[in-house]
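Undergrad: Each chain, written out:
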Amino acid sequence: MTTFSIAWRELRNLFLSPLAWCVLAVVQVIHAWIFLTRVDSFRGNPAGVEGVTDQVAAGLFSLASIVLLMIVPLLSMRLMSEERRSGSLTLLFSAPVRMSEIILGKYLGLMGFLGLMVLMLLAMPLSLAVGTHLDYGKLASSTLGLLLLLGAFASAGLYMSTLTRQPAVAAVASLGLLLFLWFINWLGQESARFSEVLHYLSIVDHYSSFLRGGIDSVDIGYYLLFIGSFLILSIRRLDSARLQA
Amino acid sequence: MATEPSQALVKVEDLYRFYGSRCAVNKLGFELHRGEILGLLGPNGAGKTSTLQMLSGNLAPSAGRILIGGVDLLDEPLAAKAALGYLPEQPPLYPDLSVDEYLLYAAALHRLPRPKRRAAVDAARERCGLKDVGRRIIGNLSKGYQQRVGVAQAIIHMPAVVILDEPTVGLDPIQIREIRELIRELGRQHGVILSTHILPEVQAVCSRVQIMHKGRLLFADSLAGLTKRLDVTSLVLECRELPGVKELRALPGVASVDKLDSRRARLRLEPGADSAEAIATLAVKEKWGLRGLTPEHKSLEQVFVELTTADDTEVAA
Numbered sequence: 039m040t041t042f043s044i045a046w047r048e049l050r051n052l053f054l055s056p057l058a059w060c061v062l063a064v065v066q067v068i069h070a071w072i073f074l075t076r077v078d079s080f081r082g083n084p085a086g087v088e089g090v091t092d093q094v095a096a097g098l099f100s101l102a103s104i105v106l107l108m109i110v111p112l113l114s115m116r117l118m119s120e121e122r123r124s125g126s127l128t129l130l131f132s133a134p135v136r137m138s139e140i141i142l143g144k145y146l147g148l149m150g151f152l153g154l155m156v157l158m159l160l161a162m163p164l165s166l167a168v169g170t171h172l173d174y175g176k177l178a179s180s181t182l183g184l185l186l187l188l189g190a191f192a193s194a195g196l197y198m199s200t201l202t203r204q205p206a207v208a209a210v211a212s213l214g215l216l217l218f219l220w221f222i223n224w225l226g227q228e229s230a231r232f233s234e235v236l237h238y239l240s241i242v243d244h245y246s247s248f249l250r251g252g253i254d255s256v257d258i259g260y261y262l263l264f265i266g267s268f269l270i271l272s273i274r275r276l277d278s279a280r281l282q283a
Numbered sequence: 011m012a013t014e015p016s017q018a019l020v021k022v023e024d025l026y027r028f029y030g031s032r033c034a035v036n037k038l039g040f041e042l043h044r045g046e047i048l049g050l051l052g053p054n055g056a057g058k059t060s061t062l063q064m065l066s067g068n069l070a071p072s073a074g075r076i077l078i079g080g081v082d083l084l085d086e087p088l089a090a091k092a093a094l095g096y097l098p099e100q101p102p103l104y105p106d107l108s109v110d111e112y113l114l115y116a117a118a119l120h121r122l123p124r125p126k127r128r129a130a131v132d133a134a135r136e137r138c139g140l141k142d143v144g145r146r147i148i149g150n151l152s153k154g155y156q157q158r159v160g161v162a163q164a165i166i167h168m169p170a171v172v173i174l175d176e177p178t179v180g181l182d183p184i185q186i187r188e189i190r191e192l193i194r195e196l197g198r199q200h201g202v203i204l205s206t207h208i209l210p211e212v213q214a215v216c217s218r219v220q221i222m223h224k225g226r227l228l229f230a231d232s233l234a235g236l237t238k239r240l241d242v243t244s245l246v247l248e249c250r251e252l253p254g255v256k257e258l259r260a261l262p263g264v265a266s267v268d269k270l271d272s273r274r275a276r277l278r279l280e281p282g283a284d285s286a287e288a289i290a291t292l293a294v295k296e297k298w299g300l301r302g303l304t305p306e307h308k309s310l311e312q313v314f315v316e317l318t319t320a321d322d323t324e325v326a327a
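Going line by line, the protein sequences match chains F and E.
Here our numbering is used: the first residue of the first sequence is 39, the next is one more, and so on.
Here our numbering is used: the first residue of the second sequence is 11, the next is one more, and so on.
Hints should not be assumed to be uniformly reliable.
Said to hold, decoys possible - Examples of chain E residues toward chain F, derived with CB under 7 Å:
#: 1; residue: Ser66
#: 2; residue: Asn68
#: 3; residue: Leu69
#: 4; residue: Ala70
#: 5; residue: Leu88
#: 6; residue: Ala92
#: 7; residue: Tyr96
#: 8; residue: Gln100
#: 9; residue: Pro102
#: 10; residue: Tyr104
#: 11; residue: Asp106
#: 12; residue: Tyr115
#: 13; residue: Ala118
#: 14; residue: His120
#: 15; residue: Arg301
To be verified - What follows is a list of derived Cβ distance ranges for each label pair:
#: 16; chain 1: F; residue 1: Met39; chain 2: E; residue 2: Glu136; range: 44 to 54 Å
#: 17; chain 1: F; residue 1: Arg50; chain 2: E; residue 2: Glu136; range: 35 to 45 Å
#: 18; chain 1: F; residue 1: Leu281; chain 2: E; residue 2: Ile208; range: 26 to 36 Å
#: 19; chain 1: E; residue 1: Glu41; chain 2: F; residue 2: Phe42; range: 35 to 45 Å
Quick caveat, the hints were computed from the structure, so don't treat them as lab data.
These figures come from a predicted structure and were not determined experimentally.
C-beta atoms are modelled at their ideal positions from N, C-alpha and C, and glycine is treated no differently.
Please construct the entire structure, taking both the sequences and the accompanying hints into account.
TA: Shown next as structure tokens:
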């Protein structure tokens, strides 16, 4: 109950700042441009091996994941650090609210915003349904994959935001962490010894099977573990903040 | 609740707080009852804010117990916090929200059921003099109004205990008077704890005073007890023809004499002496041309300095 009040407030707050609108607009323009080039290349090669969903939608979703990897830290950075810096965190701490409710509320608020972004992204390939047949199963699995991936990005960003009072520091730290988890499987190609572990750790690798239409419990498990770990870390961090402050 | 006066609203026992090896709060213990306004007085860095942060659940104590309405704050934080309203030094505001949006959010956080929130917001706005600014954006309000929004946030759920950390800092004299009036009114229904380093503020609003220094409680008494410490200690005598120092020394109850100028002298009185009347009578009889006889009270500042520089042996329980 309180969790949803906090989530709703967070979502509304995001839209009160010009940052959210700006991010929505920029991301949408980039996605639209990717989408159009994909459609263009499909038009030039209609007899290709891949269907329209694979070539347009999967390509769009794959590039979108990279774009959003850069964008999510900008949205998650002020979740907690801003509250700490402005002192408004005291409002939450003095109210009869559990730490878990604060973190979950903040997280769900951001996920609401990211969900909206995914809907706007999804609208583009769906618009092709007017002129052709789409593989809705693949679209659904891609959407699920993207939501899980964004959920992971957001949880890492939220944790980084609990660590510092400076939103910019939180943004850089979470961007660094996410980039590292993305690059880690390139490392895996170099060294054969750890390649399996490194592939498993890579945050983007688990996403690719969703794009091919495969929903694997290993991949879902990876993301849920990732999200759960960072949320629990955030809650613990808030708890210990009262000890140090 | 109110039927049992023995039940303290706030009970603090042996509270300690360390920052590293520095002890910010040292074996603090006190009680607050309904209808009391407790003033926590002390210089900057005395541990007032740390104490209030611990009382409000924003800071974990290193040791000790805090009971809010008989509920342990550390064991059952949710139940205890429900009876608390806290305004920190810096009001915890969201500058982008309107006053109404903000107070509705505060009401939701305090788990007020949805249908009651609107009425609670209206009541809090009414009490804090915010009736006309409900739709204004908080960031655009003056500091005084922002402070009132902070107070409104602290009382929106009608808590038994209201904790205010330096509520009048940074306000202009008119706003200070209004906030003090508001605090006095709160004191009628809630128990109020407020911290300040402004001594007259305590005299203006508080019913009980505690003086803190270096994390310790130096003095705890009613306001009357504090006033008693402010006894008359000297008289300033002003005469057209001031007699010599020797003659003044011989006056009843006078311990020493400082000649201020040709017409005025400060007469330091022996402890407990009440000789103003005798001196006035004598001055008229001797035709000194009495112009004025002004009692000088020991200022609250002096008491404060005395207490804070006194030896550790003077620590009051």
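Undergrad: Of the hints given before, which are not true for this structure?
TA: Violated hints: 15, 16, 17; rest satisfied.
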